[in-house]
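Dock chain L against chain P, hints included.
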Amino acid sequence: MPMTIDVSPSCNAFETVIGLEIHAQIVSESKLFSGAPSQVFGRDPNSCVSFLDMAMPGMLPTLNQACVDQAIRLGLAISGTIGLVSIMDRKHYFYPDNPAGYQISQYQSPVVQDGVLQIQGKDKAWKTVRIQRIHIEQDAGKSMHDQDPKKSYVDFNRAGVGLMEIVSHPDLSSPEEVIDYVKRLRCLMRYLGVCHGDMEKGQLRVDANVSVRRPGGALGTRVELKNMNSLRFLQSALYYEIDRQIGEISQGGVIAQETRSYDIASGKTRPMRVKEIDYDYFYFPDPDLRPLVVTEAHVRTLAEALPETPWAKHKRFVQVYGLSEYDADLLIEDMEVAGYFEQVVASLSDPVWSKLAANWILGEYFATLNRTHESFSVTRIKAEHLAQLVAAVADKKVSNLMAKEVFGVMFETGQDPEGIIQQRGLSQVSDQEQVQAWICSVLDREGENVAAYLSGKDKLFAFFVGQVMKESKGKANPQFIQELLAESLRGLKEKAESVEKSLA
Amino acid sequence: MTELFKLSLDQATTGLRNRDFSARELTQSYLDRMEATRAHNAYITATPERALRDADRSDEKIAQGMAGPLEGIPLAVKDAYCTKDILTTAASKILHNFIPPYESTVTEKVFEAGAVLLGKANLDEFCMGSTTTPVHTGATQNPWDTSCTAGGSSGGPASALANGSALLALGTDTGGSVRQPAAFCGVVGVKPSYGRCSRWGVVAYASSLDTPGPLARRVKDSALLLQAMAGYDPKDATSLQEPVPDFTQGIGQSMAGKKIGIPKEWYDKAQLDPVMMDLWKRGQDLFQEAGAEIVYVSLPYSDYALPCYYILACAEAASNLQRYDGVKYGLRAENIESLEDMYFKTRGQGFGPEVKRRILIGTYVLSHGYYEAYYGKAQRVRSMIQHDFRQVFQQVDVVLTPTTPTPAFPLGSAAKDPVAMYWNDVLTVPVNVGNVCAISVPAGVSEGGLPLGLQLIAPPMREDRLFQFGHLIESSTTMPPLPFSLAATPE
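Residue numbers (the numbering used here), protein chains in the order written: chain P, 21 to 524; chain L, 108 to 598.
Just so you know, the hints here were simulated from the structure itself, not pulled from any lab data.
It is possible that part of the hints are untrue.
Calculated pairs, DMTMM-like style, for lysine to aspartate or glutamate (alpha carbon to alpha carbon, straight line, at most 20 Å) [unchecked claim]:
(1) P:K170 - L:E447
(2) L:K435 - P:E362
(3) L:K168 - L:E110
(4) P:K171 - L:E444
Note that the structure is predicted; figures quoted are calculated from it, not measured.
Only chain P is shown next, with the shape it has when bound in the complex (with noise of 0.2 Å):
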């Protein structure tokens, strides 16, 4: 037989490099060097604007120091070194979204160094990558090219709002990893405070350098891409050029050296307007301000005050809470569901149900918010209410049904479940006479039913169920209907055995 050899571009020939440059707007009251508000999503055009922010003649920046204790906690957070002393530096070029013809960022001396983010690759393995550095810097107005056929605008709301520019060592090897690595960071940016991480209002923006080469080869030409808001885009964005780059590769060709930006109709990657590669932005230290110092005793108070990170947490869930991996990632995901469940199971008076309560938080409640399509709030139900829900459950004081039920009068109104159940009187019933007293009174009334089940049509011991829990208006607690149907049944067979024997 002859040997094919498989020549299609396929991933396992070629190893994906891919380094992502994050910018992560900082959350604070105001802006990184000018005193106005920095939250400008939504707002007016040219609302949010100070005379600094429009880089209006003799105007000097002030640090806000706020500022940088946000980068210095994510910092701390990954592990990374605080520069004590950093430099800001101006980074020149013209664009009219630019107002003062440079940016303020940081050069040469960020003010954190030499981070690690631990990801999950394919196959759920642990693998650590490398973050080179984060460090400060103004974000840039916006320019709108698509109002007006001859003119372009310029909204500064957004200029001089405080980034952090978050950059990767080029560890990450595909496209899952790169997903994972940026909500991990997300998340964490999330539970610290520093960011708010909504990439469609621009809060979160990556952009990847992707190359690709043989494995043991040289590295390949890199390629940034740009422009993709949502973690969608920046999956279909890398699929699209890892692909693109294989598939040049393989056919002979030459990867250029360019910037793409990720069009969504599309689905392609195209090249932006060509830009100088190496742009020389005139990098010196900004004369208007002084280094930037801090003490180690600022970076202790810093590092005493951060609250847990979301992987210690995780871990806490499964080994205190028995929690399944599964479950903990679910919870850990929004800080405030985490804390909420938390509240829960201290509320519980046996924590066994802990378990039980991440089922109804994560089963339940999640499921209404999606029909509703609202968010999580804390409010919503109390803490405190859920848990005795959950307790009432595990007693089986309501069945599973009735329990959903109450649930869902409590989501509504935000009244606490005793109440409900004594209201509506939905008490599972689990007093054995009551339900025995059901039971005969549907094996008296199905009297046909009965005889048809006993010559061995069993298929109608589910009808039975059926017409007890009926019968009690759905209070019976099924295991007790169950069991005690069975037995009365089996006292009926055993009841017309002897018959037959003795007419026989």
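For chain L alone, coordinates are given in the frame of chain P:
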């Protein structure tokens, strides 16, 4: 009444307090004088209505017994200070229509102290130059000899003081821009310590060197003006947090035991005009007669101060001027066809030749591959020069030099060789890069009747010495009166 402009600051202040005349009358006298001396072109924008409003307000305050330290005193402000709602151009076409919606910190303080704004005074474009010959607003004449330059870049303020159309003036000194025109125009000019006065609202030239400074007819006047200007400003991160002392405290104190430093290198190498060497000698004699000791000191790196200054200043200037792009305010060229076109045409039309020259130099020294060789090195040389001064001030109280290498020179010779022009700053620039403070005091006249200035240099934060020692020069020197009666040459 129109002779009121001839009164000294003391006399004017006393006259106002005693109600010999009103602030309005005093101001009107200056407004008339501004008209009469228009040909000197000391002012870009006269503000007569504002001046009279200020004067009326001062009259009210004086009547209420709430006069500030500069109440009712007419003041010229170099057009590099942003004054709210008043045209501020920095003598540049690129800001030809810029009306700031904010007031600079220094002018705010000075108006708060009661000063009356007469108008915005002429300067070299963006404070770059030593002749006040900007293309956009025209050259300023020296009232002592109108064919000569008033010096720069604060030539407007100096000329206005010398021709009697201002009693006090605000300038800025980056490489000598207050001291040199003061010397050329026979008035007092001070470069305070960097950071002593806030730069907030001052059109930026070279951020690490720009220093707002006072000009006045007499030493004590300049001290009073500095008193009102100085102070920490949280809006300026380079502002000094040092308390503002009483600058006049040392005036009149004995010179016994004081040491006056004479830098050897400048003595030998500065290629000074013989008339300046004489002046220098007379200055030394004067201090010796008063009981001070002359000590020769060494400032070995001062040779490099001039190139160091031009590298640093041009780099920072190129950077600070990137914002003038036609997008947000100021000039935007017409008939533009693209974004690049707008940038090229706006900046091409908006900037004069000296500004363009310095932007090119600045961009070059910051460019990739050259940064270390020029800017990086200049920063290190700057540290050495500062170190030199620290050493010297361990030996002496002040350093004495002429302010300029020559007296004021003809306007015609100004633009011939731009680099040769930079030589004007050779004695003043070391003060800026050396991070010390200095004053220029009128100390003699040339044969041609042009005023000559002596410069005193003191350690940072020791402006009181400038006034103390400067006062001695002033009281030991007989200067001809300021040229109030010389007619202005018609344009």
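Each hint tested on the structure:
no.	hint	verdict
1	P:K170 - L:E447	holds, 15 Å
2	L:K435 - P:E362	violated, 53 Å
3	L:K168 - L:E110	violated, 24 Å
4	P:K171 - L:E444	holds, 11 Å
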